[in-house]
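Engineer: Here is how the chains run, residue by residue.
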Amino acid sequence: MIVDETVLSLGISLLALFFAGLLATKVNQSLTAVFIVVGMILQNFFPLTIITEFIATLGIIFMLFMFGLEFSVGNLFNNQRKIFYTGIYDLLFNFPLGLFLGWILGYDLMHSLLFGGIVYVTSSVIVAKSIIDLKRSANPETEYLLNILIFEDMFIAIFLAFIVGILNYGHIDTKGTSIVMLKTSAFFLFFIILARTSKKFIDKIIDIEHTELFVILILSIIVLSAGAASKIGLSEAIGAFLAGLLLSETKQRHRISEAIKPFQQFSTAIFFVAFGMSIDYKHVAGLIPVGIFIFVVSSFSKVYGGYFVGRRYRLSARAGLRLGFSLIPRGEFSIILAGTIAMNPGLPYPLKSLTGVYVLLSAILGSIIMKESDGFIKWFGERKEKETKRISNHPGRLPE
Amino acid sequence: MSEIKECDLPGIGKKFSLELDSGDKLVVVIHSSGEREVFKFTRGNDEPTSVTTLSDEEARQIGAILSGTYFQPVVEDEPKLTMKNVTMEWIKIAPDSMLANKKIEELDIRKTTGVSITTIIRGETVIPNPCSGEIIKPQDTLIIIGNTDQIKNFMSTFEIRQHVEK
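Taken in sequence, the protein lines are chains F and Z.
For the first sequence, our numbering begins at 1 and goes up steadily by one.
For the second sequence, our numbering begins at 1 and goes up steadily by one.
Chain F on its own, in the form it takes in the complex (with noise of 0.2 Å):
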């Protein structure tokens, strides 16, 4: 009986993402904003099940699977200055900011830089669809923005098999958070040498003609990463990211990616289901002011890091604020950093609803703005044009 009734649910929820997500393309929003609020909804009909929350599970590592197959190491190495110097002003303007929201909401230490990540990541999902559908792909400012995304899911990769690895270890001192950063370094470094060395070695492997043994070992092989990196303390996710870095090297990486994204697609929406379902109401409405205050504070910082990246490798102060405006969207990781850490209900601001909250305004508001973008930079190009020619009719100051 039990069993009947969750697989009616997950029925019923499934045909409800149906619905949600076509009307949600019909007005170009994001599928993630609404596979949420499809969870927010769903908890009032049918409880969170263990199974729900086991596929949900295994949505974030078929996620973090494909970001890792599409990410190719050897681009990582050819366009790593770039790369890096993009990345490192967008790091530098947002995550020492998030850390400090976090700090004034009263999060201990931990919670602090795990709020750092939540408001410093933007949703490359969302952003990546939104280039594609608005056109953008051939502007100046894309490979800037292309360049910061993946700096900014590379570091979060890291950044997430280090705070899960401290949060198995129980709390944050030197002996501890050293421990944790050698796991994790081993851990990379043994995947990114597998994958530039025995390339030749796995082709080999991996080539397989049926289909179904095909699948059976592509998806063995994401689940063994997975739960080896879970057996040494760290993040589950950051197993099938590596396990996705060292299959996308090899020849059948097309196949892997056909093969696998049914699994990760209807997974990922119920990971995100699942997440709405366990955003507390309660809650919720006395999170919107400060959601909506911590969207303020960030957005306006993203923007200011985009402009000034976009200044600094002499792209058009217009191209420059679009860069910044691309960069608001918070989506798939923030989700995921918040998922990590089980509700504490100590804390001032219940975290996972928070991220909700946060989450949601950042999404629809973002991808608008995002769409938008050019109206905004026009009314604040107008503007500044009637400032300085004020200025220069000034009487009694020499034109310059």
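Simulated from the structure, these hints should not be mistaken for lab results.
It should be emphasised that the depicted structure is a prediction, and the values quoted were computed from it without experimental measurement.
For glycine and all other residues, C-beta sits at the position ideal for the given N, C-alpha and C.
Accuracy of the hints is not assured; some may be wrong.
[Unchecked claim] Sample of chain Z residues facing chain F (criterion: CB under 8 Å; computed from the structure):
1) Lys15
2) Glu19
3) Leu20
4) Glu37
5) Phe39
6) Asp46
[Stated by the list, open to error] Taking CB as the label site, the calculated pair distances span:
7) Z:Glu58 - F:Gly106: 53 to 61 Å
8) F:Thr25 - Z:Ser32: 17 to 25 Å
9) F:Lys282 - Z:Glu19: 53 to 61 Å
Please arrange chain Z on chain F, whose structure you already have, making use of the hints.
Structural biologist: Structure of chain Z alone, referenced to chain F:
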């Protein structure tokens, strides 16, 4: 000619941009899916004034037209479209040929044999659908179209011996 700038767009594809002599900029983005987008940026503008999206196949056709190597290979590529006994023939014009140094109109080819000249290949240049005033020169290659009887008729009327092996 200025050089083509190449740049990776991770997660999207590859970008190629070319500064034109006019000051405008042409940017081609090849998506990982095979789709191409062609953007035009006017001088000093960093937003595209036009965007054209092409499928892989369309892009190849346009590319062939732009590079000047395109003509419709009816026989080889679209066998379903060609009717049963319609053929195309490649014919090399010898210096002593009856066709050499004559205008197409004065030869009255279509009236006497039923065959049409679709293309003249002259060295590096290709003349598709030559007009009736065009003069056929020695060393030209003609591409003619007609049914088997018409082609045979053409060959005997103008005493052609030399066709080009495709």
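Engineer: Does Lys15 (chain Z) pass the interface hint, meaning its C-beta sits closer than 8 Å to a C-beta of chain F?
Structural biologist: holds (6 Å)
Engineer: Can we keep the Phe39 (chain Z) interface hint, with Cβ of chain F closer than 8 Å?
Structural biologist: Holds: closest Cβ of chain F sits about 4 Å from Phe39 (chain Z), inside 8 Å.
Engineer: Interface hint check: Asp46 (chain Z), Cβ to nearest Cβ on chain F, cutoff 8 Å. Holds or violated?
Structural biologist: Holds, because the Cβ-Cβ distance from Asp46 (chain Z) to chain F comes to roughly 5 Å (cut-off 8 Å).
Engineer: Does Glu19 (chain Z) pass the interface check with chain F, least Cβ-Cβ distance below 8 Å?
Structural biologist: violated (13 Å)
Engineer: If I claimed the Cβ atoms of Lys282 (chain F) and Glu19 (chain Z) lie 53 to 61 Å apart, would that claim hold in this structure?
Structural biologist: holds (60 Å)
Engineer: Glu58 (chain Z) and Gly106 (chain F), beta-carbon distance inside 53 to 61 Å?
Structural biologist: Given range 53 to 61 Å: holds, Cβ gap about 59 Å.
Engineer: Is 17 to 25 Å right for how far apart the beta carbons of Thr25 (chain F) and Ser32 (chain Z) are?
Structural biologist: At roughly 21 Å between Cβ atoms, Ser32 (chain Z) and Thr25 (chain F) fall inside 17 to 25 Å, so the hint holds.
Engineer: With a cut-off of 8 Å on the beta carbons, see whether Glu37 (chain Z) makes it to chain F.
Structural biologist: Status holds, d = 6 Å.
Engineer: Is the shortest C-beta separation between Leu20 (chain Z) and chain F less than 8 Å?
Structural biologist: For Leu20 (chain Z), the interface hint is violated, since the closest Cβ of chain F sits about 14 Å away, which is over 8 Å.
The structure does not agree with the numbered hints 2, 3 stated previously, though it agrees with the rest.
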